[in-house]
Amino acid sequence: MPELTYREAVRDALSQALRQDEDVFLMGEDIGEMGGSMGVTHGLLDEFGPERVRNTPISEMALAGAAIGAAMQGMRPVAEIMYEDFMTLASEQIVNQAAKARYMSGGQLTVPVVFRTQGGAGWSPGAQHAQQLESWFVHVPGLKVVFASTPEDVRGLLWSAIYDDNPIVFFEHRTLYGIKGHVPEEIEPIPLGKARVHREGEDVTVVATGRLVHEALHAAEEAEKEGVSVEVVDPRTLQPLDEETLVASVRKTNRAVVAHEAVTRMGFGAEVASVLQYQAFDWLDAPIERVGARFAPLPFAPVMEAFVVPHMEDVLAAVYRTVNKKI
Amino acid sequence: MAKVEHKTSLAKSDLPDVLREMLLIRRFEEKVEERFRAGELPGFLHVAIGQEACAVGVCRALEDGDVISSTHRAHGHTLAKGTHPNELMAELYGKQEGCSHGYGGSMHLYDIERGNMGANAVIGGGLPHVTGAALAFKMRGEPRVALAFFGDGATNIGTFHEALNMAQLWQVPAVFVLEDNKWAESTPESQHSPIRDLSERAKAFGMKALKADGQDVEAVYKTTRKALEHARSGEGPVFVHLDTVRFSGHYIGDPQVYRPKDQARELRETRDPIVLLREKLGLGDDEFAELDAEITELVEASVEFAKAGTDPAPEDALRNIYA
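If you read the sequences in order, they're chains L and A. With this note's numbering applied, the first sequence corresponds to residues 1 to 327, in that order. With this note's numbering applied, the second sequence corresponds to residues 1 to 323, in that order.
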């Protein structure tokens with residue numbers, strides 16, 4: 001199996017879709033010569049040209065809206081919103097238009113558009129270049145929301161997203177672009193709405209997304225040294241949510257930690273905790289723990305930034321709380 | 001709709017049908033006002049009484065395959081684009097037989113088969129869709145045009161500027177039709193825009209801008225044809241500025257405290273597009289009454305159709321969310 005970085009895996013899904021399907025095209029700010037602010041689309045302009053790897057003005061409303069209009073007319077655009085923070089600018093089009101067009105038309109329209117975006121702290125970009133806003137979008141009926149954490153997942157999920165007939169918000173994590181992982185020789189589409197059990201365990205389930213999947217896997221290794229067996233589950237698709245896999249895991253382990261980089265309060269983890277307590281209430285041996293960012297904008301100074309967002313140690317501490325273990 | 005190649009203006013023989021279509025929109029909207037006041041229609045409604053020549057003149061100029069995006073004041077555009085009054089009225093009554101099957105309502109009228117990509121309740125919301133639809137046509141090499149309707153109020157919102165800039169930058173086959181009725185809800189143009197000639201805004205992007213009297217359906221048609229031809233031939237998007245009049249309030253029931261009481265009446269006397277066309281045609285009272293009776297019957301029938309329509313089941317609310 002070939003090894004790709006997360007960045008290369010995204011690029012591979014995009015380039016293969018562009019190669020096989022004339023309806024697919026990319027649009028976004030600086031995605032042409034520059035290859036995108038994260039280098040994801042590097043080289044695609046040379047192969048596919050400026051019509052299909054389309055640089056846009058700094059114009060998130062029109063970028064999102066034009067992608068929607070093209071999708072309404074049968075194209076499969078993939079729009080890159082450079083930073084999640086700028087999704088706020090595109091939100092009118094994503095939330096009021098893309099998410100509801102099919103519904104408001106009584107099922108006449110399909111809007112097969114993907115909004116790729118990325119965020120994530122850990123490199124001191126400050127308060128407007130690293131937010132994790134996935135909970136905003138999982139709250140909107142009509143959108144599907146994906147957050148992939150590995151090269152294999154990001155490639156297979158992006159492929160499914162491009163070929164899904166619904167508008168999709170596809171989150172990537174800034175600090176994961178460089179990680180490497182084995183991927184299947186051929187792209188294997190990963191169905192939207194299927195969680196992945198990354199590691200099986202007996203004592204505690206950690207439901208984690210994005211960067212926190214890796215923090216959780218690291219925490220699981222540490223916990224194992226102390227005799228605590230941790231299962232790590234990544235929902236991968238936040239909407240629709242694979243409740244079945246999550247609930248089955250917690251019914252097995254009887255304890256749960258929900259972990260994401262976004263602010264804990266009102267975060268995606270709150271919904272997961274609610275699903276788990278309702279469907280696994282009789283199986284739970286401890287309160288569900290939640291790990292996420294403190295309730296603050298992202299600060300610039302590295303020491304403050306590190307204080308605000310969660311790390312492996314926070315996941316580990318939460319795991320130990322569920323088994324009442326003092327370290 | 002018959003394909004009309006190389007047609008630059010309406011033939012005299014077309015005009016009776018044009019009048020008929022405009023009168024249908026007028027009578028339809030008057031009926032909507034009446035039924036709303038009678039408490040039969042849920043939600044709230046915006047009529048475009050006085051702006052019928054814009055809807056009919058523009059939509060008549062379109063070819064099969066062209067698409068439109070409409071506004072919150074959409075009944076006229078929807079009828080002019082070919083949706084049957086029965087389907088439109090049924091939508092206003094929230095029935096399954098409605099053009100959006102009861103999911104949309106007055107501000108979300110869709111008819112995809114007839115090229116209506118939807119009315120939009122967010123001002124300027126549909127403009128980027130038109131840029132994107134036109135981009136799709138251009139990328140596929142299809143000789144189609146996407147056309148947006150919007151009002152003067154929309155020229156202040158970001159989507160207007162972003163969508164026009166992008167359309168001009170990429171030279172897509174789009175036409176942006178400003179129905180300039182001089183009111184953004186209750187706010188007059190003098191309070192919402194620092195310039196009086198709003199087509200200057202399109203020119204700032206380097207976009208070709210055309211103007212027409214929006215009360216003169218022949219002028220609207222002719223100007224739109226010119227714009228469509230320009231866009232379709234790959235020469236880039238066109239801005240069409242229609243000077244029009246809203247006789248009615250912003251919404252049905254609007255007391256219009258923001259304008260002099262007799263203003264609408266004066267405008268009706270001098271700038272009613274239906275009266276103007278009727279005069280041009282020299283239509284006598286009897287002939288007009290006959291046409292009017294026929295249309296009134298059609299509108300009444302649409303109300304009967306709508307009332308006899310099927311209510312959606314409450315749980316239908318959970319359908320059509322995802323494809």
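Quick caveat, the hints were computed from the structure, so don't treat them as lab data. It cannot be assumed that every hint is accurate.
To be verified - Just a few of them, taken from the derived set where beta-carbon distance is under 8 Å, the chain A residues facing chain L:
1) ALA133
2) MET166
3) LEU169
4) ALA209
5) LEU210
6) ASP213
As the list claims (entries may be wrong) - Computed footprint of chain L on chain A, listed as stretches where at least three residues anywhere in the stretch have a Cβ under 8 Å from a Cβ of chain L:
7) 103-109
8) 114-124
9) 154-163
10) 307-321
As the list claims (entries may be wrong) - Example chain L residues on the side facing chain A (calculated, C-beta under 10 Å, incomplete):
11) SER59
12) THR110
13) ASP164
14) LEU217
Yeah, the Cβ is synthetic: ideal placement off N, Cα and C, and Gly gets one too.
| task | Have a go at the THR110 of chain L hint: is there a Cβ in chain A nearer than 10 Å to its own Cβ? | result | holds, 5 Å
| task | Please verify that hint: ASP164 of chain L, Cβ, nearest Cβ of chain A, below 10 Å or not. | result | holds, 8 Å
| message | Quick check: do three or more residues in the region 114-124 of chain A have a beta carbon closer than 8 Å to a beta carbon of chain L? | response | holds (count 4)
| said: Given LEU210 of chain A as an interface hint, is its Cβ closer than 8 Å to any Cβ of chain L? | reply: Given a least distance of 22 Å, the restraint on LEU210 of chain A is violated.
| field | Proximity test - 8 Å, beta-carbon atoms, the region 154-163 of chain A to chain L, at least three hits | value | The restraint on the region 154-163 of chain A holds, since 4 of its residues have a Cβ under 8 Å from chain L and three suffice.
| said: Min Cβ distance, ALA209 of chain A to chain L: is it shorter than 8 Å? | reply: ALA209 of chain A check fails; min Cβ-Cβ to chain L is 19 Å, beyond 8 Å.
| request: State whether the coverage of the region 103-109 of chain A by chain L holds or is violated, taking the criterion as 3 or more residues with Cβ-Cβ distances under 8 Å. | output: holds (count 3)
| task | With a cut-off of 8 Å on the beta carbons, see whether LEU169 of chain A makes it to chain L. | result | The hint holds - LEU169 of chain A has a Cβ within 8 Å of chain L, the shortest such distance being about 7 Å.
| Stated coverage of the region 307-321 of chain A by chain L [criterion: 3+ residues, CB within 8 Å] | holds (count 3)
| query | Quick one, is the MET166 of chain A hint okay against chain L at 8 Å, beta carbons? | reply | This hint holds: MET166 of chain A lies near chain L, its Cβ roughly 5 Å from the closest one there, short of 8 Å.
| Residue hint SER59 of chain L, partner chain A, criterion CB-CB below 10 Å | holds, 4 Å
| request: With a cut-off of 8 Å on the beta carbons, see whether ASP213 of chain A makes it to chain L. | output: violated, 30 Å
Checked against the numbered hints listed earlier, the structure breaks hints 4, 5, 6 and 14; every other hint is satisfied.
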